[in-house]
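Since the structure of chain A is provided, determine the placement of chain B on it from the hints.
Just so you know, the sequences run in chain order A and B.
For the first sequence, position 115 (counting from the first letter as 1) is numbered 115 according to the numbering used here, and the numbering increases by one without interruption.
For the second sequence, position 26 (counting from the first letter as 1) is numbered 26 according to the numbering used here, and the numbering increases by one without interruption.
No lab work stands behind these hints: they were computed from the structure.
None of these values were measured; they are calculated from a predicted model.
No residue lacks a Cβ here, since even glycine has one placed at the ideal position from N, Cα and C.
Don't take every hint at face value.
[To be verified] Calculated lysine-lysine pairs in the BS3-like style (CA-CA distance at most 25 Å, straight line):
no. : chain 1 : residue 1 : chain 2 : residue 2
1   : A       : LYS38     : A       : LYS2
2   : A       : LYS2      : B       : LYS104
3   : A       : LYS38     : B       : LYS110
4   : B       : LYS110    : A       : LYS2
5   : B       : LYS83     : A       : LYS38
6   : B       : LYS104    : A       : LYS38
[As the list claims (entries may be wrong)] FRET-style restraints, in silico, Cβ to Cβ:
no. : chain 1 : residue 1 : chain 2 : residue 2 : range
7   : B       : GLU101    : A       : PRO50     : 19 to 25 Å
8   : A       : VAL107    : B       : THR58     : 25 to 31 Å
9   : A       : ASP70     : B       : GLU101    : 19 to 25 Å
10  : A       : ILE82     : B       : GLU101    : 23 to 29 Å
11  : B       : ARG60     : A       : ARG57     : 35 to 41 Å
12  : A       : LYS38     : B       : GLU52     : 40 to 46 Å
13  : B       : ASN108    : A       : SER5      : 28 to 34 Å
14  : B       : GLU35     : A       : GLU33     : 54 to 60 Å
15  : B       : THR58     : A       : PRO44     : 47 to 53 Å
16  : A       : SER5      : B       : THR58     : 47 to 53 Å
17  : A       : GLU33     : B       : ASP31     : 57 to 63 Å
18  : A       : GLU53     : B       : SER45     : 41 to 47 Å
19  : A       : VAL107    : B       : GLN105    : 25 to 31 Å
20  : B       : GLN41     : A       : GLU33     : 52 to 58 Å
Chain by chain, the residues run as shown.
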Amino acid sequence: MKPLSMTTPTDTTIEITRSFDAPISMVWRAHTEPELVKRWLTGPTGLTMPECEIDLRVGGAYRYVWAWDDNRMSAYGTFREIEAERRLLLTETFDIFPDNETLVEQVFGENGGQTVVRMSLHYDSKETRDGVLQSPMDEGLEASYQSLDKLISETV
Amino acid sequence: MSNLDSVFQALSDPTRRAILERLIQGEATVDEIREPFEMSQPSISRHLKVLEQAGLITTRIAGTSRPRRIEPLAFAAIEDWLKQYRAIWQANYERLDGLLEHLKQEDNAK
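One chain only, chain A, in its complex shape (with noise of 0.2 Å):
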């Protein structure tokens, strides 16, 4: 099994990473198209995945649906930033909660032949709306989120 590294850079982001042994085009491939995304984006055991649409544009919109027994979810959103084989900017809103969107920005690297997958979820409504990133949480803040990162990062 791989390691994946998790961690909460600020109090309102999770940035997961991940490494994955092929090229860089192949994993881009994974996450772009629908028929391959299907196939692995599927979470907790006992889901599938059987509609999944995505208009790989700048402004196009994106939609997954997972069901289980007879449940369904989903999960729909628009590309903000394309670049192609590198970095996509999108928004995320799952219907169940269908007022908290979250951007998430996935950067596409390569490491030693690997190729190194980056997400961020940025949960702040704020920096969500205005499509920016986050700034630095300032020294006060910081010191006294410490403890709370430090429990994460023992138990997670």
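Okay, now just chain B, sitting in the frame of chain A:
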């Protein structure tokens, strides 16, 4: 998960983060919380309400005063959620490893 969404919503505001920072030091009344901010009592109360609805703080009734305190369970919930989130992505990426292997074999066969 709905709880976590409201938690993140609550944490997205700098004033509310500063209020939490104050409460990490110990419980405080609304007037004490308000002191460092140039803000009316109604606006501070609104922020407190958002924090309380997210389960990040609770109100204690002490005679006529209503001190607020931090809710450690809420932070434990964030931690639990992060663990689950990590497990889901671990599973997704292991399936992706399998798919990529498959695609590489297909490419080689061509």
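Verification of the hints:
A C-alpha spacing of about 21 Å is found between A/LYS38 and A/LYS2, which places the hinted pair at or below 25 Å, so the restraint holds. Pair hint A/LYS2 plus B/LYS104 holds up; C-alpha atoms about 18 Å apart against a cutoff of 25 Å. Between A/LYS38 and B/LYS110 the CA atoms are separated by roughly 23 Å; this keeps the pair inside 25 Å, and the hint holds. Distance restraint check for B/LYS110 and A/LYS2: the Cα-Cα separation of roughly 28 Å exceeds the 25 Å cut-off, and the hinted pair is therefore not satisfied.
A C-alpha spacing of about 24 Å is found between B/LYS83 and A/LYS38, which places the hinted pair at or below 25 Å, so the restraint holds. Distance check on the hinted pair: B/LYS104 and A/LYS38 sit about 18 Å apart at the alpha-carbon level, within 25 Å; holds. Between B/GLU101 and A/PRO50 the CB atoms are about 24 Å apart, so this pair conforms to the stated range of 19 to 25 Å. About 39 Å separates the C-beta atoms of A/VAL107 and B/THR58, a value inconsistent with the hinted range of 25 to 31 Å.
Taken as a hint, the range 19 to 25 Å is violated for the pair A/ASP70 and B/GLU101, whose Cβ atoms sit roughly 33 Å apart. Distance hint for A/ILE82 and B/GLU101: a CB-CB separation of about 27 Å, consistent with the stated range 23 to 29 Å. For B/ARG60 and A/ARG57, the hinted distance range of 35 to 41 Å is not satisfied, since their beta carbons lie about 54 Å from each other. About 41 Å separates the C-beta atoms of A/LYS38 and B/GLU52, a value consistent with the hinted range of 40 to 46 Å.
Our hint of 28 to 34 Å for B/ASN108 and A/SER5 holds, since their Cβ atoms are close to 30 Å apart. For the pair B/GLU35 and A/GLU33, the beta carbons lie near 56 Å from each other, so the given range of 54 to 60 Å is met. For the pair B/THR58 and A/PRO44, the supplied restraint of 47 to 53 Å is violated, since their beta-carbon distance comes to about 32 Å. With their beta carbons about 34 Å apart, A/SER5 and B/THR58 fall outside the hinted range of 47 to 53 Å.
Hint check: A/GLU33 to B/ASP31, Cβ distance near 58 Å, so the stated range 57 to 63 Å holds. The hint said 41 to 47 Å for the Cβ distance between A/GLU53 and B/SER45, and at roughly 44 Å that hint holds. Look at A/VAL107 against B/GLN105: about 27 Å separates their beta carbons, and that is inside 25 to 31 Å. Range check, B/GLN41 to A/GLU33: Cβ separation about 55 Å, and the 52 to 58 Å hint holds.
The structure fails to meet hints 4, 8, 9, 11, 15, 16 from the earlier list, while all remaining hints are met.
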